[in-house]
Amino acid sequence: MPEVTENLIRIPVKGEEGKHDGHNIKTISISETKGIQALYCIDDKVLITYLFDKNKWTMETAYTWIESHSKIYQNVQVEHKLFEISEVKVSKDESGNVVIKGYANTKGIVDRYGDTPTVHTPIRNYVYELTDYIKNPVMLIDHVNSVDHIAGSFKKCKEDEKGLYVEGVFSNSDFPLIKHARTVYLEGHAKAFSIGGFWYHENQEDPSQLTYAVICDISIVGVGADPNALGSAYEKVLTSLEYAKALLPELEENQLKELNSKGLNLFVGKNGYQHIEVLTRENIEELKKKVDEIKQVVKKLTT
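Take 1 as the starting number for the sequence shown in the working numbering and just add one per residue.
Since the hints were derived computationally from the structure, they do not count as laboratory data. Ideal Cβ placement from N, Cα and C applies to all residues, glycine included. Just so you know, not all the hints are guaranteed correct.
Here are the computed lysine-lysine pairs in the BS3-like style, where the Cα-Cα straight-line distance is at most 30 Å [claimed, not checked]: (1) Lys156 - Lys34; (2) Lys107 - Lys155; (3) Lys26 - Lys14; (4) Lys26 - Lys158; (5) Lys179 - Lys156; (6) Lys162 - Lys101; (7) Lys191 - Lys179; (8) Lys162 - Lys92; (9) Lys135 - Lys92; (10) Lys135 - Lys54; (11) Lys89 - Lys101; (12) Lys92 - Lys191; (13) Lys56 - Lys26; (14) Lys162 - Lys107; (15) Lys107 - Lys191.
If you anchor each label on the Cβ, the simulated ranges turn out as follows [said to hold, decoys possible]: (16) Met59 - Thr131: 20 to 30 Å; (17) Asn136 - Glu94: 20 to 30 Å; (18) Glu6 - Ser208: 34 to 44 Å; (19) Glu94 - Thr5: 50 to 60 Å; (20) Tyr63 - Gln204: 11 to 21 Å; (21) Glu87 - Met59: 43 to 53 Å; (22) Arg10 - Glu87: 40 to 50 Å; (23) Ile25 - Asp174: 32 to 42 Å.
When you get a sec, could you build the whole thing from the sequences and use the hints?
Here is the structure:
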C-alpha cells in the first residue's frame, strides 16, 4: 500500500503488490529534475513501486502523474539494439593497446528502429542514463555476461551534444575469442555496438522520440544480413539461452555429440569452451522454437 517515509512517497504499481520477494531489485531514475524514481524487478522485468521526492510531490499529485504516465514506464524490458558506430576510429595507442572511439548512438538522427534520440526538456536535459553502467563499464562480446566474454572496458562513456560517445580499450588477452574480436575490429571488418538498456518514449506528442535510455551494457557484435531481426530475436531468447548454457558444462562428450546430431547449433570450442550459437532464421518464432528444443534435450540429458 502507499506510504510516506522521511524523504519519499512510495506508491506500488497497481497489480504488482506483494508479488516479488525483494531479490534483484534495482532503482532506476525516471526524472532527476522532477524527483521521480522507480523500483524495478530484474527477474520479472516489471516496475513494482514509484518513488516520489516528498519535497516536490504530494500523494495527490503523484497519483495524477502515475495516471497520465504509467503506460510509458510499465512493462518496459531490457532490449538490445544494434548500432553501427558513427565516426568510428580503431587504432593502437602508445602502449600498443587497441582502442576504439566513436558515437554508439547519435541524437537527432533516426536510427534503424525508427527512434530519434531527443532530449525531452520538460523532464530532463539529457537522454542517456549512465549512472549504473559506468560503475563497471566492461565491453562484452555478444552480451554474454561471463569473464571469457569480456573483450575490454570503456575508459570514457559520456553524453555530449552529438550523442553517446565512448572510448574502449581491448584486452591484450590471447584467449581465442577475445583475440579474434580485437583483430577484426582493428582490421576494420567489424564496427558495430549493441546496447542493452531500457528505452523510453516520453513525448506523447511524438512517440518516435527516444527521450530516455537507461544503459545497462554495451557489447561488440557482428551485424548479420538483417540486423533488426537479429537484435529483436536475441533480446527475446536471451534468458532461455543463458539457462541452457548454464547446464552445458555438465554434459559429457557423447551428450554433446547427441546435441550436435540433432542439428541444434551447439558449438564446442577449444579448451573446453562451450556456448550455443543460435543463427538468424526467417523469423523470431523459429528461433524461440529452436531454443525450447535445446532446453528440452539438455534437460533430458542432465536428469
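Against the structure, the hints come out as follows:
1. A C-alpha spacing of about 28 Å is found between Lys156 and Lys34, which places the hinted pair at or below 30 Å, so the restraint holds.
2. Our distance criterion of 30 Å between C-alpha atoms is met by Lys107 and Lys155, whose separation comes to about 21 Å.
3. A distance of roughly 18 Å separates the Cα atoms of Lys26 and Lys14; the hinted pair therefore holds under the 30 Å criterion.
4. This hinted pair checks out: Lys26 and Lys158 have alpha carbons roughly 22 Å apart, not beyond 30 Å.
5. A C-alpha spacing of about 22 Å is found between Lys179 and Lys156, which places the hinted pair at or below 30 Å, so the restraint holds.
6. A C-alpha spacing of about 14 Å is found between Lys162 and Lys101, which places the hinted pair at or below 30 Å, so the restraint holds.
7. Restraint check for Lys191 and Lys179: satisfied, since their Cα atoms lie roughly 16 Å apart, inside the 30 Å limit.
8. Only pairs whose Cα atoms come within 30 Å are accepted, and Lys162 paired with Lys92 is accepted, the gap being roughly 25 Å.
9. Simply put, Lys135 and Lys92 have alpha-carbon atoms about 25 Å apart, close enough for the 30 Å limit, and the pair holds.
10. Annotation: proposed proximity of Lys135 to Lys54 holds, straight-line Cα distance about 28 Å (limit 30 Å).
11. Only pairs whose Cα atoms come within 30 Å are accepted, and Lys89 paired with Lys101 is accepted, the gap being roughly 5 Å.
12. For the hint pairing Lys92 with Lys191, the CA-to-CA distance comes to about 16 Å; that is within 30 Å, so the pair holds.
13. Only pairs whose Cα atoms come within 30 Å are accepted, and Lys56 paired with Lys26 is accepted, the gap being roughly 22 Å.
14. Taking the CA atoms of Lys162 and Lys107, the gap is about 6 Å. The hint holds against a cut of 30 Å.
15. In summary, the hint linking Lys107 to Lys191 is supported, as the alpha carbons are separated by about 19 Å, within the 30 Å threshold.
16. The hint said 20 to 30 Å for the Cβ distance between Met59 and Thr131, and at roughly 27 Å that hint holds.
17. Under the hint 20 to 30 Å, the C-beta atoms of Asn136 and Glu94, about 26 Å apart, fit the expected range.
18. Glu6 and Ser208 have their C-beta atoms about 40 Å apart, which keeps the hinted 34 to 44 Å range intact.
19. At roughly 52 Å, the beta carbons of Glu94 and Thr5 sit within the given window of 50 to 60 Å.
20. Under the hint 11 to 21 Å, the C-beta atoms of Tyr63 and Gln204, about 18 Å apart, fit the expected range.
21. Range check, Glu87 to Met59: Cβ separation about 48 Å, and the 43 to 53 Å hint holds.
22. Against the hinted window of 40 to 50 Å, the Cβ-Cβ separation of Arg10 and Glu87 comes to about 44 Å, which satisfies the hint.
23. For Ile25 paired with Asp174, a C-beta distance near 39 Å keeps the hint of 32 to 42 Å intact.
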